[in-house]
Structure formats: structure tokens, C-alpha cells
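Fit chain D to the known structure of chain Y by using the hints.
Taken in order, these protein sequences are the chains called Y and D.
Numbered continuously in my numbering, the first sequence closes out at residue 322.
Numbered continuously in my numbering, the second sequence closes out at residue 644.
Hints were generated in silico from the structure; no laboratory data involved.
Watch out, some of these pointers could steer you wrong.
Below 30 Å or equal to it, Euclidean Cα-Cα: the simulated DSBU-like pairs (lysine-lysine) are [as the list claims (entries may be wrong)]:
| id | chain 1 | residue 1 | chain 2 | residue 2 |
| --- | --- | --- | --- | --- |
| 1 | D | Lys-401 | Y | Lys-180 |
| 2 | Y | Lys-320 | Y | Lys-15 |
| 3 | Y | Lys-240 | Y | Lys-169 |
| 4 | Y | Lys-229 | D | Lys-491 |
Protein chains: 2
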Amino acid sequence: MKFIIGIDLGGTSAKLALFTEDLEAIKMWQVATSSEDHGWKIVPNIVKALQAEILKQGLDLSDCLGIGMGSPGAIDRRKGTVTGAYNLGWETAYPVKEEFKHLLGDFPVYIENDANVAALGEQAKGAAADTENMVLVTLGTGVGGGIVCNGRLLTGQASAGEIGHMIAKVDGPPCTCGSKGCIETIASATGIHRLAEEKALSSQVESPLAKRFKLGEDISVKAIVDAAKNGDALGEKVMKEAMGALGITLSQLACVLNPEKIVIGGGVANAGQYLIDQLQEVVEANTYPPNRRHLKILLAQLGNDAGVIGAASLVLKERKRS
Amino acid sequence: MKFIIGIDLGGTSAKLALFTEDLEAIKMWQVATSSEDHGWKIVPNIVKALQAEILKQGLDLSDCLGIGMGSPGAIDRRKGTVTGAYNLGWETAYPVKEEFKHLLGDFPVYIENDANVAALGEQAKGAAADTENMVLVTLGTGVGGGIVCNGRLLTGQASAGEIGHMIAKVDGPPCTCGSKGCIETIASATGIHRLAEEKALSSQVESPLAKRFKLGEDISVKAIVDAAKNGDALGEKVMKEAMGALGITLSQLACVLNPEKIVIGGGVANAGQYLIDQLQEVVEANTYPPNRRHLKILLAQLGNDAGVIGAASLVLKERKRS
Numbered sequence: 001m002k003f004i005i006g007i008d009l010g011g012t013s014a015k016l017a018l019f020t021e022d023l024e025a026i027k028m029w030q031v032a033t034s035s036e037d038h039g040w041k042i043v044p045n046i047v048k049a050l051q052a053e054i055l056k057q058g059l060d061l062s063d064c065l066g067i068g069m070g071s072p073g074a075i076d077r078r079k080g081t082v083t084g085a086y087n088l089g090w091e092t093a094y095p096v097k098e099e100f101k102h103l104l105g106d107f108p109v110y111i112e113n114d115a116n117v118a119a120l121g122e123q124a125k126g127a128a129a130d131t132e133n134m135v136l137v138t139l140g141t142g143v144g145g146g147i148v149c150n151g152r153l154l155t156g157q158a159s160a161g162e163i164g165h166m167i168a169k170v171d172g173p174p175c176t177c178g179s180k181g182c183i184e185t186i187a188s189a190t191g192i193h194r195l196a197e198e199k200a201l202s203s204q205v206e207s208p209l210a211k212r213f214k215l216g217e218d219i220s221v222k223a224i225v226d227a228a229k230n231g232d233a234l235g236e237k238v239m240k241e242a243m244g245a246l247g248i249t250l251s252q253l254a255c256v257l258n259p260e261k262i263v264i265g266g267g268v269a270n271a272g273q274y275l276i277d278q279l280q281e282v283v284e285a286n287t288y289p290p291n292r293r294h295l296k297i298l299l300a301q302l303g304n305d306a307g308v309i310g311a312a313s314l315v316l317k318e319r320k321r322s
Numbered sequence: 323m324k325f326i327i328g329i330d331l332g333g334t335s336a337k338l339a340l341f342t343e344d345l346e347a348i349k350m351w352q353v354a355t356s357s358e359d360h361g362w363k364i365v366p367n368i369v370k371a372l373q374a375e376i377l378k379q380g381l382d383l384s385d386c387l388g389i390g391m392g393s394p395g396a397i398d399r400r401k402g403t404v405t406g407a408y409n410l411g412w413e414t415a416y417p418v419k420e421e422f423k424h425l426l427g428d429f430p431v432y433i434e435n436d437a438n439v440a441a442l443g444e445q446a447k448g449a450a451a452d453t454e455n456m457v458l459v460t461l462g463t464g465v466g467g468g469i470v471c472n473g474r475l476l477t478g479q480a481s482a483g484e485i486g487h488m489i490a491k492v493d494g495p496p497c498t499c500g501s502k503g504c505i506e507t508i509a510s511a512t513g514i515h516r517l518a519e520e521k522a523l524s525s526q527v528e529s530p531l532a533k534r535f536k537l538g539e540d541i542s543v544k545a546i547v548d549a550a551k552n553g554d555a556l557g558e559k560v561m562k563e564a565m566g567a568l569g570i571t572l573s574q575l576a577c578v579l580n581p582e583k584i585v586i587g588g589g590v591a592n593a594g595q596y597l598i599d600q601l602q603e604v605v606e607a608n609t610y611p612p613n614r615r616h617l618k619i620l621l622a623q624l625g626n627d628a629g630v631i632g633a634a635s636l637v638l639k640e641r642k643r644s
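Just chain Y, same shape as in the assembly (with noise of 0.2 Å):
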């Protein structure tokens, strides 16, 4: 029997696991992370509490398979560096694969995108266990997300399924990437407030929840879907706006990719059924019918671990394909 380690690294933290070959988890755990220094420590910390635990469980790093790895910024994956994760103090090309080589000898290891690790964790055990093509949409701070075309991450040149910023709105709201009017604009955590502030403060819906924004409350993005769910005008209004315009999205996603599952993840996700309803009906009304027909929108099922299960999942995916 072989093993897999996972690890899905955070600003604050990174999660380690400890996998079997079909990717059942016996022991899951928690390292701090620090951006201290340009984070040379991150990979060595890791390290060490890796070695610790195979030993605990009596094994040998020769037990295991690989180790698969999600990181923020963009990942070069031929040369194992990562390059932009602020978070951890890596702003230029940080060699990552060098170093755990350096520490660990000729081990496999393979590194991916944080998003992408978390596509391949929902669809290896997750809302879209059963099928080779989906797609996972995360709703944070942002919006993220991964796909999967026929068992395989898409990657293109270097950054496919940069799903956030596709273009919701020509000349919308200003993103953080430089470009204009992204869907993560309007579908985030970050966008949904935007939209009911700017809606309560123009007062171009009178309700409970604007009026609460008028009194300077300081209002969550849970607040506001609660509030849509019991029918305050103002909770309405911004969610069918919201989830419009990420309908639209992912039926441009359902034509290009031809998906059979669409999975909706991340902090707003918590929504639950209402969410999925909402784009469920503009998906219906705007996709093209061959690609809609056996679509299925769904939520996401492993929170965070979905990350730390795809990081092992894509150990098993690039043995395959080597």
C-alpha cells in the first residue's frame, strides 16, 4: 500500500495531509506559514512536520507516491517556481520544487495553482466525483476557479480557467486585475456589497436592509443573502443582479467547455439551494440547448479541504499521464 501527501498552502497557514491511493485521508493537520523573509522558511517548516508525521506513522518517505501541492501566485510548472503569492512573501520566481529537493532527494513532487488543486479535489471526491469534465467556481473575495476537461486540469499557455475575470459587464466596475467589469466585479463577496451599498446609498430601493446601510451599519455579505431570502427588496434586487450576471458566465462556460457539472464553492456559497436556483434559471433561459441539456449546477461538498484532497488527486493524475 502507497501513500500521498496533500498540501494546500495558505498565507496563515498551510494544511498537510496524509492520503491513501484512493485518496481517503488518515491524518490531516495544520502548519503556520509566514511571509517572514520572503518565506524561505515555509517549504523547510513543511518539511520537517511531513518527516515527523511519516515517521509517526511508521512509515518511509519511500511509503509514498509524491507530493501534489496548491499554492497562490502563478506557477511555472516545468521549472517548480512560484512567482506573485504576496501572502507568503514569494514575489519573484520562489523556487519551490528546488527546495524540497534540496531537502528531500529525487521525491516527486508536483505544484499547482490553488484553485485549480481545489477543481481537482471537488472532482475527485467531491460534487463532481463522477464525471471528467466540470467546472468549480469559487465565490470569495473574489471569484476563482478551476476546469477539468476529460480527467485533465486545463492549463493552456500557463493560466486557463481565469474564470473570474471573464467580462460580465463591457465598461463595468473597475478590478483589481486592470481590466473592467470582471464577473468577480459583481459576483463576489467583495461585488455583492458594492452593489447593495451603491443601491441603498442612491436610494434606488427603499427597504430594511437600506436602510441599514444608510445608518452606516456595517453589513455582511451573509446579511445581505439573508436578507434576499426574506424578501427584502433591496437583498432581491442585488442577488437576482448578482446571479444574473454569473448565470450568463457560466453558460459562456457550459458552451465553450461543455461541462457535465458546474460546482459552486467559496464563502457565498453558503447561500446554499437559493443560489444554485437562482443560476440554475438563468442558465436554463441562455445556454446554448445540446450543452444545457444534462448540465448540472451544484454545491460544492468539501469546503476547505477540497484543495488539500485535489493536491494529492493531481499525484495520481500527472503518474498517469508520465
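Leaving out everything else, chain D in the frame of chain Y:
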């Protein structure tokens, strides 16, 4: 030295070609097709023509690696059937592969959608010959396309790459697919003609071209494009609207797929560099910077030969895969 057979099926004729292994055509010719009697003579006629040509070249079927064929309609790749190819008389699942097997015995035959093989053609020998990540968009009566990722055709569950049915205008003009506002209703030859006629007859723009529409003249898309190039106010307005919408569609594709090249083909692309410049400008202003930075938008190079070359290239790709 081995050879490859390429076939590009059309409603009035099939283009056939015999290629070397590096996809140089040693012979290219046409065979009439007819939808008569549910198109049952099409495959036997093609096989007869192929056998005669192979004999004439002093070859044997065993000198050939396989047949690749592009067909209109929906392809079931596993079963080898074609459905809904009305101009061939193949309305319901027609057993194309079985028919070839009946006539040729156990000989490799690969069937693919005609828009997809055209993309493979441009990727093998045309405008995108040096990249593994490309998209072909053809602007004809409709808008078609095909997507190659990591050197492989993107198929999704069955019909990925339905670029013509990506939504360009929510609640826009009705599309033949049953949906509304597909890019096909705006940027195809039909769409451009409709836009021009509408704007002329509703006197939205006055110009020599608008006058000709009002006189009830029969005006070609070429005439509209030429008028635009010569500064006609209506022509310019129409092309700006059509290419503006298509540019946003290309920007969506760049975000999702991160291709190195997007290739524009079909009759409307005869407008040449003028078209590319318009698209480039829109993509430049509306695309996620990392995915636009190295993206090239180019004219297709192979014209009507793209399909038959791509069909042959499919044989090489499928052999490599298995």
C-alpha cells in the same frame, strides 16, 4: 513510408486527400455527395474513390495509417455515428464507422465535427502551426469554431467549442439554436447583414450604403465590409458593433482557455487585417492582462483545405493517444 487519408464531408461534395505522415498532400480531389435516400450512397462512393486512388498511386490500404473524417452534425465518437447532418440526409444516428468497417474491414477510422477538424488543420499546418493551445473561430453564415488545448481537441461531454452560441447580448436577437443573443446572431455574415439592414431601414445612420439598402438593393457582406473600410458611416458603425461583440467573446475565450493564438477564418475573414485590428483593439482593452499579454489574433491560412488537413491530423493525434 506510411500515408494518411483525410475526408471533409460537405452537403454537395466531399473533399478527399492522401497525405504523407508529415501531412503533405500528395493528392487532393472531390467526390459528389447526395442526401438522396438518407445519404446511404455517400460512404460507399467515398470508399470506391479512395480505393481507386490508392491503387493508382501504386499503394495498398495497408500502406495507410487510417482515415480521419470531418462531418457536419453531432458526432458520437464512441459509436462512430453522425446525427442531424441534414444536408447529408443523416437525420438520425447514421452508423458511419460501421459502414466503413463493412466496406474496408478492420481499418482505423476517426470521425470528428467539421468545425473541430478545421481547428486541427490550422493547428497542424496553418496559422497556429507552432502552438499547442489555440482556438479557431469561423465567421460564415453562422459562427463556428474548434478548440485545441495541450495539442488535443477539446470535446467536453460531446460538444465543447460551440463558440457561435456564446451569449453576446442578453435577450438579443433570436438564434437558430433556440437561445437569444448568441454571437452568431451578430458577428456572422447573416448577423452583419441584419445589423446593417436594420440600421439603414430605421434611418439610424445615413450614408451611401444606407441609401442602397433603402433602395432595396441586394447587398453582400463584402459590400458592407468594403464600405466600412472606405469610411461609410453605416458600414463603420455595423462593423464596430459586430467586431466589438466578437472581441468580447474572444476575451472570454482567452480568460477560460489561455490560448497562444486565436485564428479567425470563414468568409467574413476575407476582410483581412482590418478585421483583426478591430478585434485586437477590443481584446486589448477587455482581457485579463496575464492571458492577453502573449495572445495573438491571426487570420486563418488554409481556407477550405483546413478541414481535410485537420481530419488527417486527427489520425496522427488519435494514434499517439492510444
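Exercise. Which hint numbers doesn't this structure obey?
Worked result: 1
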